[in-house]
Structures are given as C-alpha cells and as structure tokens.
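Q: So the chains spell out like this:
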Amino acid sequence: MNDFAAQVQALRPPLLRFARNQLRNDAWAEDAVSETLLAALEKPQSFGGQSQLKTWLVGILKHKVIDQLRRHAREATILSRDDEADLDDQLFVDNGHWREAPKDWGDPEHQLRQQQFFDVLELCVTQLPPTQGRVFMMREWLELDTAEVCQELAITSSNLWVLMHRARLRLRECLQDRWFDATERPR
Amino acid sequence: RCRHVTRLVLEAEERPLSATERLGVWLHMLICKTCPNFARQVRFMRIAMARWRSGAGPE
Chain A
1 MNDFAAQVQA LRPPLLRFAR NQLRNDAWAE DAVSETLLAA LEKPQSFGGQ SQLKTWLVGI
61 LKHKVIDQLR RHAREATILS RDDEADLDDQ LFVDNGHWRE APKDWGDPEH QLRQQQFFDV
121 LELCVTQLPP TQGRVFMMRE WLELDTAEVC QELAITSSNL WVLMHRARLR LRECLQDRWF
181 DATERPR
Chain B
1 RCRHVTRLVL EAEERPLSAT ERLGVWLHML ICKTCPNFAR QVRFMRIAMA RWRSGAGPE
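Here the protein sequences come in this chain order: A and B.
FYI, the numbering for the first sequence is 1 to 187, going by my numbering.
FYI, the numbering for the second sequence is 1 to 59, going by my numbering.
Keep in mind the hints are simulated off the structure, nothing from the lab.
We treat Cβ as the ideally placed atom computed from N, Cα and C, and that holds for glycine.
Just so you have them, the derived chain B footprint on chain A, three or more residues with Cβ under 8 Å:
id : segment
1  : 93-107
2  : 116-129
3  : 138-150
4  : 159-170
Derived Cβ-Cβ restraints for the label pairs, each shown as a range:
id : chain 1 : residue 1 : chain 2 : residue 2 : range
5  : A       : Gln116    : B       : Glu13     : 21 to 29 Å
6  : B       : Ala19     : A       : Asp181    : 35 to 43 Å
7  : A       : Leu41     : B       : Thr20     : 49 to 57 Å
8  : B       : Leu27     : A       : Pro44     : 55 to 63 Å
9  : A       : Phe4      : B       : Glu13     : 35 to 43 Å
10 : B       : Ile31     : A       : Gln52     : 42 to 50 Å
11 : B       : Glu21     : A       : Ala85     : 21 to 29 Å
12 : A       : Thr156    : B       : Arg43     : 22 to 30 Å
13 : A       : Leu41     : B       : Arg22     : 45 to 53 Å
14 : A       : His110    : B       : Gly24     : 30 to 38 Å
Calculated from the model, a selection of chain B residues having no Cβ within reach of chain A, i.e. all distances over 12 Å:
id : residue
15 : Ala19
16 : Thr20
17 : Leu23
18 : Trp26
19 : Leu27
Throw the hints in and build the complete structure from the sequences for me.
A: In structure tokens form, the structure reads like this:
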C-alpha cells in the first residue's frame, strides 16, 4: 500500500463516525465511507494538498452522504415514537411560562475552548431520535438549505421546522444536563 | 407567552420572521426574565455547531 492509500485508510474511523452521525444507519454509513475512500484512491491527483487530507475527504463524504439519503429517502423519514414526542409539555406549565427557567450558559468563547465540550456535543447529537438527527445534520453539518432538505427527503417546510424545533430543544436539554450541570457539580 | 416566544426564537433559525413576529419577540424580551437566556442558549448552539463543522471536536 503506498503512502497516500495508507493515509486515506487511516482516516476511515473518523469518517465513519461522521457518516453514522448523519445517516443513523450503520450499513448506509459504511457504504458512504467506502464510496468516499474509493473516489479518493481512484483519483489521488484530485487532492491538491491545499487543504488537509481529512478536510478533503470530508468534502467528498458530504456528497456521498447526500447520495445515500437520496437512495433511502423513504426510510430516512420514517418517524420513531421519540421523533414524534413533543417536549413543550415538559418545558412549559399550562399558562405558557417556563417550568424551569433557562440558565445562563456563559461566554461561548470560554466554553468552546474546551475540547471535552465537543465530545459532549457529539454525544448529544448522536442521541437525537433518528429522523430529527438526520434532518438536523443535513441543515447544520451538510449545510443544506430548507428547500434542499425538503426536496431530498420529500417533506414539507412545516414538517422540517417541527423536526428542527424538536431537535434543538432536545440538544439544549442534553447540553444542559451533560455539560453545564455536570461541570457545576463537584467532582 | 414564553412558550410561543420560544417557538419563534427557534423558527428564526430556519426562516426570516415577519416584522410583527420580530416585534412580538422583542417586546416579550423586554419584560421577561427567562427568555433572553433561552435566546442566548440558541445562539450558543449556533456558534458551537459552526465550530464543530469547521473541524473543532473529537478526533
């Protein structure tokens, strides 16, 4: 195996984790990563060395992930019970006020300097219900706009907004519990 | 109510709010002690996701 192939192959684990985060299906993720590695190995001259190898591979992977979502669009939008659960009733009392007031999370610049924060963020994203997770990652990681996500998954913009609303509320709850409350507790 | 403002704050991440919606949120934030923290949390998550996307995070 030449140097380039070895370097590409060594990046398989992080690529697989990215793909699993996005696709929520191990088989689809394996396929997306295999197609990415094949594309890289078949055309190594496309890598100009102007970016890091990982950045270049992630760029290819994003396209392969979208291909997988297209291929499996019907399955990718099946809602689980968790996807359909509405957090609003847990967060608000009957008169529309907060059950528990949102806390001050402090300065993002300070928190985001800590590598462990991103471990927790990734964990929280992986714990989103499957369809919410896919839609959230399509918007936030693949950076597709509303129209593109709706077209790829054949859902309405209203459906998308509801899924994103629920995903963000869940992510907020998870970060509060696993990062902000956890770092306040004495160790 | 806070519940409605929360929904609008999150929708603003997905689509431009109308002038009436923005005014409603703005006026609510003036008198509410809790919702401004929620809006800051949403901004925090937006910044965190942008950092993650640009390569910060677990190797």
